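The primary structure of each chain is shown beneath.
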Amino acid sequence: MNVLIIISILGIVAMVSEIFGLRKSIWYIVVATLTGAFIINLNDWDTARRYYDDMVFIDNYAIAFMGLLLFLAFVWFFLSKDQYESDQFNTSDHYAQIIFSLTGALVLVSYANLSMLFLGVEIMSIPLYILAGSRKKDLASNEAALKYFMMGAFATGFLLFGITLIYGVVGSFNLSQIQHHVSEVGNLPLMFYAGVVMIMIGLGFKVSAFPFHFWAPDVYEGAPVMISAFMATIVKAAAFGGFYRLFSVCYTDISGHWAGTLSIVIGTTILIGNTLAVYQVNMKRMLAYSGIAQAGYLLLTLLVLTNASANALIFYIASYAIATLCTFGGLYWVIKFRGNDALDSFKGLGKSNPILALAMTISMLSLAGIPPAVGFFAKFYLFTVLLEKGFMPLVLLSVLGSLISVYYYFKIIIKMYGTASDDTSTLYISIFNKAVLIIILVAILAIGIMPNFFLGIITQ
Amino acid sequence: METALLIALPFVSGLLTLMFNDGKAKMVALLFSLCTLVNAIYLACNFCTCTVWHYELNMPWLTSLGINFSVGMDGISLMLVLLTTALVPLIILSSFQREITNAKSFYCLILLMEAALIGVFTARDAFLFYIFWELALIPIYFICLIWGGENKNKITFKFFLYTLAGSLLMLLAIILLYINNPARTFAIDQLYTVGASLDFGTQAFVFWSFFLAFAIKMPIFPFHTWQPDTYTTAPTQGTMLLSGIMLKMGIYGVIRWLYPMVPDAFSFYAHYAIILSVVGIIYASFIALKQNNLKTMIAYVSIAHVGLIAAGAFIGNLESLQGVVIQMFSHGINVVGLFFIVQIVFERTGTYDMSVLGGIRSKAPLFTTCFIMILLSSVALPLTGGFIGEFLLFVGIFKYHSIIAAVAGLTIILGAAYMLNAFQKVMLGEANTNTSDFKDLVLTEKLVLIPIIALIIWIGVYPQPFLNISEPAVKALIEVASKTSALNH
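Protein sequences appear in the order of chains C and Y.
Take any residue in the first sequence, count from 1 to its spot, add 13: that is its number in our numbering.
Take any residue in the second sequence, count from 1 to its spot, add 136: that is its number in our numbering.
Don't take each hint at face value.
Here are the simulated lysine to aspartate or glutamate pairs, EDC-like style, with alpha carbons at most 20 Å apart [as the list claims (entries may be wrong)]:
| hint | chain 1 | residue 1 | chain 2 | residue 2 |
| --- | --- | --- | --- | --- |
| 1 | C | Lys447 | C | Glu98 |
| 2 | Y | Lys426 | Y | Glu483 |
| 3 | C | Lys402 | Y | Asp365 |
| 4 | Y | Lys499 | Y | Asp573 |
| 5 | C | Lys364 | Y | Asp400 |
| 6 | C | Lys364 | Y | Glu235 |
| 7 | Y | Lys290 | C | Glu31 |
Example chain C residues on the side facing chain Y (calculated, C-beta under 8 Å, incomplete) [claimed, not checked]:
| hint | residue |
| --- | --- |
| 8 | Phe162 |
| 9 | Leu400 |
| 10 | Phe404 |
| 11 | Val412 |
| 12 | Ile427 |
| 13 | Ser434 |
By construction, these hints were calculated from the structure, which means they are not laboratory data.
In this text, all values refer to a predicted model and were calculated from it rather than measured experimentally.
Every residue gets a Cβ at the ideal spot worked out from N, C-alpha and C, and that includes glycine.
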């Protein structure tokens with residue numbers, strides 16, 4: 014709980030920092046606070062507590078997700094440092110909104126009440142509607158903001174409607190009471206199931222699952238690159254955390270009613286995401302479709318709903334998010350040097366900047382699920398959890414999806430090492446930024462080889 | 137412990153190679169690979185036939201999932217480790233005459249691949265095996281992608297995708313075995329028991345998943361379509377790694393992971409695999425006869441030879457398995473020799489096209505002698521390395537089915553036809569503009585070819601030490617397979 018308060022205050026500090034002339038030091042304040050919050054968060058381990066009349070429930074699941082989100086935000090601030098030093102944007106405004114959004118994300122993984130779920134989604138999303146449009150004179154950026162806002166509002170509508178229907182049946186927003194109602198009282202009216210489906214649609218928008226994925230490519234493409242990175246990783250991780258929490262707490266007993274629908278959604282998400290990613294010529298759009306496909310794999314955990322699947326979810330989302338962050342971080346430099354985000358701008362990168370190319374390569378290998386990168390182990394663990402419950406057809410489909418995904422991830426690798434560029438100048442990245450990339454790389458490989466520590470986080 | 141060191145040595149030396157500059161990298165890499173070879177030979181010398189498994193190490197790795205870092209060597213593994221460690225220095229040496237851009241990365245990747253290959257041949261844990269299996273793929277992919285020839289992007293990608301498709305199915309099969317294992321480990325001995333206890337349908341799934349992974353790697357007809365292009369476009373060192381060592385991963389997989397794992401499905405389906413292998417022999421031989429590109433021709437020759445070895449592996453009796461092991465060894469040496477010959481021809485004449493070559497014999501007598509020696513071994517002439525393995529394989533195949541043996545036997549005739557045809561076109565006749573100033577072998581080339589020829593003669597004349605190494609292991613393997621299949625009936 015302290016973490017939530019600290020991060021909200023940090024947001025306010027970031028907002029007013031310019032007034033007090035702290036512009037230069039705000040980055041350090043943010044990074045230090047995030048580190049502190051991370052440690053405080055870990056201190057709460059194994060002390061499951063409910064706060065504010067059971068509005069927020071900080072259990073190990075919440076702590077694990079909050080830790081992950083804080084860590085990702087931490088990495089994000091390192092990767093985006095250069096962007097804000099180059100004065101394209103108003104640093105403190107951006108930082109404040111990012112941190113507010115992070116606050117929403119933290120609420121979204123620790124709620125114990127549907128009203129908090131709604132608040133989490135909104136607090137997380139609203140700053141991003143603004144940030145997506147922060148290139149004020151750029152048409153694509155404005156389009157992205159508008160589209161994201163419209164789609165987001167639409168999704169919120171569904172979410173609220175679903176929450177209302179469920180309230181109508183249960184008479185409470187509280188997750189434990191809903192769970193109690195589902196398992197003890199039984200005899201649920203159709204209205205309840207309609208509510209479940211509505212919530213599923215609302216959250217489906219947020220995690221960009223088929224058929225609610227249309228906004229993602231346009232928004233990622235139009236928004237500034239590091240904002241897209243934030244949306245593709247932190248926001249997605251939080252949305253999944255919220256999604257899984259709700260379904261694992263409340264709807265496990267009635268999984269027969271929604272698992273079939275969800276399976277179809279998952280199957281099409283994996284196929285559509287992977288297939289459309291193949292045809293992209295723009296890196297950001299490709300990453301958006303890759304994110305859609307990965308959302309499909311992540312949703313698979315909702316079919317199992319055991320401790321093992323919660324572990325698989327956290328591990329997979331962490332591996333996806335860290336590799337995607339690294340990719341966006343690399344993409345930022347490519348855009349800076351080569352001027353655009355077309356796939357062709359990766360040509361010859363293996364020669365002109367080996368470190369950057371290596372970072373991209375390892376991230377791509379991780380996303381494609383090739384050992385020893387962490388992405389492989391995440392997929393392996395996910396498949397094991399699923400096969401244990403006998404989801405062979407969906408696993409085969411996922412394998413097919415991974416094979417298709419190799420095509421577009423390797424397109425980048427081939428461009429970097431297999432083709433020469435007209436622009437042969439060496440690209441200079443400062444030592445600090447190189448070090449950031451290398452540390453992320455080492456993390457991707459090290460966790461891939463030694464994932465022991467991160468498995469079995471969730472045991473209840 | 138020794139095995140783990142043997143894996144670690146090339147891995148660490150690969151990374152160390154990156155520290156040197158491009159000029160020194162090749163000498164450094166050569167030295168490191170020789171160290172690994174010496175280490176392997178030392179282990180081979182201390183290899184007694186008293187137990188089957190040697191130099192074992194079993195360390196917990198991912199405890200919550202029952203994954204162990206478990207490696208060890210029996211005779212079969214040792215033969216392949218010897219092959220790997222002997223070929224890598226030769227492969228590195230074979231590149232000395234070439235100008236290689238960004239050489240340190242090149243040699244680093246070769247050494248990393250060596251580590252992964254040794255890992256594949258010694259892993260005793262299914263998960264570990266899979267990791268090494270995939271790790272071996274990544275360096276060779278980049279070797280082919282960065283230093284490859286014409287149209288490399290497309291061809292190397294096809295290669296990667298093909299092999300990955302096979303391995304992903306294998307991964308599913310491994311997971312399936314694991315979740316049926318009540319002890320929740322990936323240890324190979326336990327999985328043998330688990331595999332045998334599965335119902336037939338699951339066994340069939342496991343069989344075909346493993347089969348696909350291995351068949352693509354070898355490759356067996358009709359999963360070979362990636363191979364000729366990849367061999368042709370890859371840099372010669374990459375081709376040597378692929379044909380000399382990497383395809384043995386597939387054959388090794390069959391005898392270690394498939395044959396004892398699912399006995400019911402194996403005895404039911406192996407017949408089809410054998411037929412496919414034999415079809416591949418004939419098919420590839422005929423294409424080799426018609427080929428004009430020397431490098432592509434050798435690629436098809438490799439398919440034909442591997443078809444025979446694969447057939448022997450799927451038959452799984454004592455003679456055929458012994459033949460498989462010794463033939464894997466001598467095929468590795470032969471094929472690396474052949475590709476080196478091809479590279480020498482290409483470097484001096486600038487073409488792979490056999491129709492514009494000719495007359496080299498009169499210009500380079502030493503080179504001609506080497507070529508003939510390797511060629512004779514490749515057509516399995518008695519007293520050369522290729523003979524003993526093919527002989528054992530034929531005995532095994534004949535015991536299994538006489539008609540299949542007769543068809544497979546065509547390989548001897550066809551083999552002589554395409555090899556001699558190639559020799560005639562390249563070496564005999566009048567020298568022309570391409571070949572008129574063909575220089576004879578230089579020192580580094582001799583240093584590659586002489587060990588190859590020495591090994592060919594050694595295996596041909598006195599194969600007993602090699603057979604002795606593998607025999608207890610092969611017998612143990614057959615025993616395991618018969619035991620697991622007996623469990624079920």
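Find the hints from earlier in the document that the structure breaks and name them by number, from lowest to highest. Hints 2, 3, 5, 7, 8, 10 and 13 contradicted; others consistent.
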